[in-house]
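Chemist: Read off the chains here:
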Amino acid sequence: MHPHPNQDVLLSTRKGLFRLRDGQLDLLGFLGVQVSNAVRDPRDGRIHAALDHGHFGCKLQYSDDDGATWVETDAPAYPQPTNGEVHVDPVRGEPVEWSTKLIWTIEPGHASRPGELWCGTIPGGMFRSTDRGETWSLVESLWDHPTRSQWFGGGFDDPGLHSISLHPSDPDTLAVGLSAGGVWVTRDGTRSWAPATGMNAPYTPPEEAGNPAMQDPHRIARCPAAPEVAWVQHHGGMYRSTDGCSSWTEITGVDPSTFGFAVAAHPTDPDTAWFVPAASDEVRVPVDGRVVVTRTRDGGATFEQLTDGLPQHNAWHLVYRHGLDVDASGEQLVLGSTSGGVWTSIDGGDHWTEVTNDLPPVLAVRFT
Amino acid sequence: MTQLVFAKAFRRHVTCPDAVIEQASTVGAAFAGYFELHPAVRSYVLDDAGRIRRHVTLFVDGEQVTHVDALTTPVTPTSTIHVFQALSGG
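Residue numbers (this note's numbering), protein chains in the order written: chain A, 1 to 368; chain B, 1 to 90.
Calculated directly from the structure, the hints in this document are not laboratory data. It is possible that some hints are incorrect.
[What the hints assert, rightly or not] Capping the alpha-carbon separation at 16 Å, the derived lysine to aspartate or glutamate pairs in EDC-like fashion look like this:
id, chain 1, residue 1, chain 2, residue 2
1, A, LYS15, A, ASP26
2, B, LYS8, A, GLU282
3, A, LYS59, A, GLU134
4, A, LYS101, A, ASP74
5, A, LYS15, A, ASP358
6, B, LYS8, A, ASP281
Make the full structure from the sequences, and use the hints.
Modeler: In structure tokens form, the structure reads like this:
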């Protein structure tokens, strides 16, 4: 059996962009620069990389030659408010600046709209490109949503949009996830947004726990072949939806923990998904220092703990929300940690192979 | 008798039992009364300049109050102040 995934993986790290090809790691670019996410658009082969220079701001670059050369393009930029309205963040009461703090996710658009791409940013704005990522414009319908004044930071001081989940059979239907601002669904090409219901926020008083705009979904993963089925790893637990992300049912009683950040959905089997548990909100490391992936194959009724090939002793790796990916076959998985560990599986997670323990902190992994 | 309720994130690090504070008219007064009973908690809620710590979240009767207004926010004898660890900064 082929020991490594037969598909490239892009590894975005705190100190550069790397590529995993046939078990071999190569630096693809941006050494020393934080790469917050990267994706290869399957429609045209263009690789998009989101950079955070810190001193010099957030940038986007793309490559049309598999990473050999890069072109800097216009990064998503917020317009300035025209009505003088000032939103303050609900925690500190400080004005939320209309300014890109981080490009957190980039998502190639629907197959029927070849130039369309989406990206999600901190402080919570979603951007759309119609020209293959050359230029971007703010999706004002979401940014102007009246609940935005309730959104707050989860992981960062400002709210952030980290998940953009396309519907394979309807280009006008999207679900987005915000930490912390909830899950929102549009079925009319972003003209209007409906809040997802059913999630619970244990980090708020009981009166607010069910407020859709105060939910902290860490990641949304949808089953492409059965797009009404989706999974969320939430700050307060795990959830599944069977109505296209509109309502959610909590999954409980999963060992070793229901806390975590990452989730991946099987591409064809709506009953199968993978999660990467950490101990708890307060203790963001694996339970007992054992790196575990949990997998359900019965729609969330039961889970098994996958450990073969993953470190099981004093292994304090945390996996961020973009740190787990599954390929189009559903057999190949990749996992990257904040301690610089990367593991792959070619059998749906039954067995894992360590690729490296020596990368900078891994922020995102993505099959190409 | 304003009630102060601390999230479990605090209880990991410092002893901070929920408590009822008499005769507090503001959040700041309620905290002051609480810190007299449990002085070690002060530095977990306030920074060394006396401000609410950046990654602490406060609710009064279920309504989130911002740091800018927090300490002067009025409370009544039946109020409950919830003190949470903000999700930011994680």
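Chemist: Does each hint fit the structure? Answer for all of them.
Modeler: Each hint tested on the structure:
1. For the proposed pair LYS15(A) and ASP26(A), the alpha carbon gap of about 13 Å is at most 16 Å, so the pair holds.
2. Distance restraint check for LYS8(B) and GLU282(A): the Cα-Cα separation of roughly 9 Å lies within the 16 Å cut-off, and the hinted pair is therefore satisfied.
3. A distance of roughly 12 Å separates the Cα atoms of LYS59(A) and GLU134(A); the hinted pair therefore holds under the 16 Å criterion.
4. With a C-alpha separation of about 15 Å, the suggested pair LYS101(A) and ASP74(A) falls inside the 16 Å cut-off, and the hint holds.
5. Annotation: proposed proximity of LYS15(A) to ASP358(A) holds, straight-line Cα distance about 12 Å (limit 16 Å).
6. Using a Cα cut-off of 16 Å, the hinted pair LYS8(B) and ASP281(A) holds, with the two alpha carbons roughly 10 Å apart.
Comparing the model with each numbered hint stated earlier shows that all of them hold.
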